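> Here is how the chains run, residue by residue.
There are 2 protein chains.
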Amino acid sequence: MLMQPQPETEEEQVLAANLAFYEALRSLDIARMEAVWLQEDWVRCLHPGWELLLGWEEVQRRWAAIFHSTRQILISISRPVVQIVGDTAWVSCLEDVTTAQEDGISAAVIEATNIFVRHRGKWLMVHRHTTPLPGKTSSPQHRILQ
Amino acid sequence: MLMQPQPETEEEQVLAANLAFYEALRSLDIARMEAVWLQEDWVRCLHPGWELLLGWEEVQRRWAAIFHSTRQILISISRPVVQIVGDTAWVSCLEDVTTAQEDGISAAVIEATNIFVRHRGKWLMVHRHTTPLPGKTSSPQHRILQ
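Top to bottom, those sequences are chains A and B. Letter by letter, the first sequence follows residues 1 to 146 of this note's numbering. Letter by letter, the second sequence follows residues 1 to 146 of this note's numbering.
Think of the hints as simulated: they come from the structure by calculation, not from any bench. Quick caveat, the model's predicted, so the values are computed rather than measured. Among the hints, a few may not be true.
Heads up, the list lumps identical chains together, so a pair's fine if it works in one copy or across two of them.
[Unchecked claim] With a straight-line Cα cutoff of 25 angstroms, these simulated DMTMM-like cross-link-like pairs (lysine to aspartate or glutamate) come out:
id : residue 1 : residue 2
1  : Lys122    : Glu40
2  : Lys122    : Glu102
3  : Lys122    : Asp87
4  : Lys136    : Glu51
5  : Lys136    : Glu58
Extracted from the complex, chain A is given alone in its bound form:
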């Protein structure tokens, strides 16, 4: 049995936490999404096209609603850039997202800032800010690769 290599540097740990978030998003499994967030009343999330959500209760409820109304999310990320200061880290990355919802399919390229804090040795998401980039949509070729 092949063992997954353990992330070693702090930067690798943060990138792994960032990846775990996107895997939770792809899975549409609310339990997986809950596992990657710090569940505090001060966490925040700005979904594309929405207003800022304040606190884990609002953030969790919206993820549950999104997962409920979404049949499939195809998402790939590129250009991840990490900065770590103490127990806080933030990642900038580009998301290439195609979403199949009850009312149709949408595609977008999104610039994201994801902030993590190290809590009991584990990096957890505490803030997410997304911006759809105007005039950019994922290419059909890219979507096929997903």
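We have chain A already, so just place chain B on it with the hints.
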């Protein structure tokens, strides 16, 4: 002579740093903008409608270009929310912005995440992410109040 009260709590210090950024923006004075940023190659800035800028050199150059082409910026902020973890802090706030540029006037409501780090005792901006909120523009009444 009236003395300005010194910010006391960490949260007040961060809010003062956030305010200093907006005062620099209003002033259109590049020296003031330079004074509120940490000038490192890992700072980042996402202006509305642009791609992410990486590193102080790019960030500074774009601010200089924006200030050069802008006659006036009217900006007020609301709903600032602060979180501090060690020497890192991030502020979410809504910006109500009216910009007079060479080619006309534009108005927008923008959701911002501003990240600061404490460097030699001073909170400096290291990351800025902005998202224009769709369907929201500043009201004429609001603009008059600026």
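> Hint by hint, say whether it matches the structure.
Evaluation of the provided hints:
no. : hint             : verdict
1   : Lys122 to Glu40  : within (15 angstroms within a copy, 27 angstroms between copies)
2   : Lys122 to Glu102 : neither (35 angstroms within a copy, 49 angstroms between copies)
3   : Lys122 to Asp87  : both (10 angstroms within a copy, 19 angstroms between copies)
4   : Lys136 to Glu51  : both (22 angstroms within a copy, 11 angstroms between copies)
5   : Lys136 to Glu58  : between (29 angstroms within a copy, 22 angstroms between copies)
In summary, the structure is inconsistent with hint 2 from the numbered list given earlier, while agreeing with all the others.
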